[in-house]
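Given chain U, put chain V in place with the hints provided.
Here's the letter readout for the chains.
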Amino acid sequence: EAEVAQSPRYKITEKSQAVAFWCDPISGHATLYWYRQILGQGPELLVQFQDESVVDDSQLPKDRFSAERLKGVDSTLKIQPAELGDSAMYLCASSFEQGSNYGYTFGSGTRLTVV
Amino acid sequence: AQSVAQPEDQVNVAEGNPLTVKCTYSVSGNPYLFWYVQYPNRGLQFLLKYITGDNLVKGSYGFEAEFNKSQTSFHLKKPSALVSDSALYFCAVRDTSGGSYIPTFGRGTSLIVHP
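So the sequences go chain by chain: U and V.
In terms of the numbering used here, the first sequence opens at residue 1 and continues consecutively.
In terms of the numbering used here, the second sequence opens at residue 1001 and continues consecutively.
Chain U extracted, bound-state conformation (with noise of 0.2 Å):
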């Protein structure tokens, strides 16, 4: 069964520097999202690419948070400088078109530990 890989699994890292993650998609699926999970509650978006375009950041913390997906396959997400409040479990997901019915696939994470 396809997957959505992402790594490192686990990062931990101090504040103040700066850490990447990377995720890669099924392959095909055209529509790539970026959550963060704080412990103790649901996903939520951060970003949104549609092939190598983003289609919503507007609940990225643009000042220390970058996102990009250069050829429209994987993706990496940057913090910089990371902070305290920052360590949360990093989830990317794909889904063939947007909005699909289908629902998405995650890939498996990235714990992030900020210290």
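Note that these hints are calculated values from the structure, not bench results.
Glycine is no exception: its CB is placed at the ideal position from the N, C-alpha and C atoms.
Be aware that a few hints might be false.
Short derived list, chain U residues pointing at chain V, Cβ under 7 Å [as the list claims (entries may be wrong)]: (1) Ala20; (2) Trp22; (3) Gln41; (4) Gly42; (5) Leu45; (6) Pro81; (7) Ala88; (8) Leu91; (9) Gly107; (10) Ser108.
Far from chain U, by Cβ distances over 12 Å, these chain V residues were calculated [stated by the list, open to error]: (11) Asp1009; (12) Phe1034; (13) Gln1038; (14) Asn1041; (15) Arg1042; (16) Leu1044; (17) Gln1045; (18) Leu1048; (19) Glu1064; (20) Leu1082; (21) Gly1106; (22) Ser1110.
Same frame as chain U, now just chain V:
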């Protein structure tokens, strides 16, 4: 605006007994509704969805959910719980009016099945 509520932080049930995980929603138009399951340190896995049609939706692992428009609910059910069903369960809703393709996730309900 769309929102979803999972009124129970935790549900406890004995193995072999039926289980229900509750979800209520609020949308302006018609809802698309989803259930996802999350195991420790993993991403979310799609269980089932309601788009249109039969109010009783059957999904993976023997789970089903009933759409009730009058009560704006979409409760997740299983006739006989297994210990391996213990996990976090998330309900999500997408409003078909308003143009957003992004579902809103609930806070999650921890299901604990006791042997």
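Going through the hints against the structure:
1. Ala20: violated (18 Å)
2. Trp22: With Cβ-Cβ at 14 Å, over 7 Å, it is violated.
3. Gln41: holds (5 Å)
4. Gly42: For Gly42 of chain U, the interface hint holds, since the closest Cβ of chain V sits about 3 Å away, which is under 7 Å.
5. Leu45: Leu45 of chain U check passes; min Cβ-Cβ to chain V is 5 Å, inside 7 Å.
6. Pro81: violated (25 Å)
7. Ala88: This interface hint is violated because 13 Å lies over the 7 Å limit.
8. Leu91: holds (5 Å)
9. Gly107: holds (5 Å)
10. Ser108: Holds, about 5 Å.
11. Asp1009: violated (8 Å)
12. Phe1034: violated (5 Å)
13. Gln1038: It is violated; Gln1038 of chain V is separated from chain U by about 8 Å at its closest Cβ, not greater than 12 Å.
14. Asn1041: Label violated. Min Cβ-Cβ 6 Å, cutoff 12 Å.
15. Arg1042: violated (5 Å)
16. Leu1044: violated (4 Å)
17. Gln1045: Incorrect as stated: the minimum Cβ-Cβ distance to chain U is 7 Å, not above 12 Å.
18. Leu1048: Non-interface label on Leu1048 of chain V violated, nearest chain U Cβ at 9 Å vs cutoff 12 Å.
19. Glu1064: At about 16 Å from chain U, Glu1064 of chain V clears the 12 Å cut-off, so the statement holds.
20. Leu1082: holds (21 Å)
21. Gly1106: violated (5 Å)
22. Ser1110: Not fine: 9 Å to the nearest Cβ puts Ser1110 of chain V too close to chain U.
In this structure, the hints that do not hold are numbers 1, 2, 6, 7, 11, 12, 13, 14, 15, 16, 17, 18, 21 and 22, in rising order.
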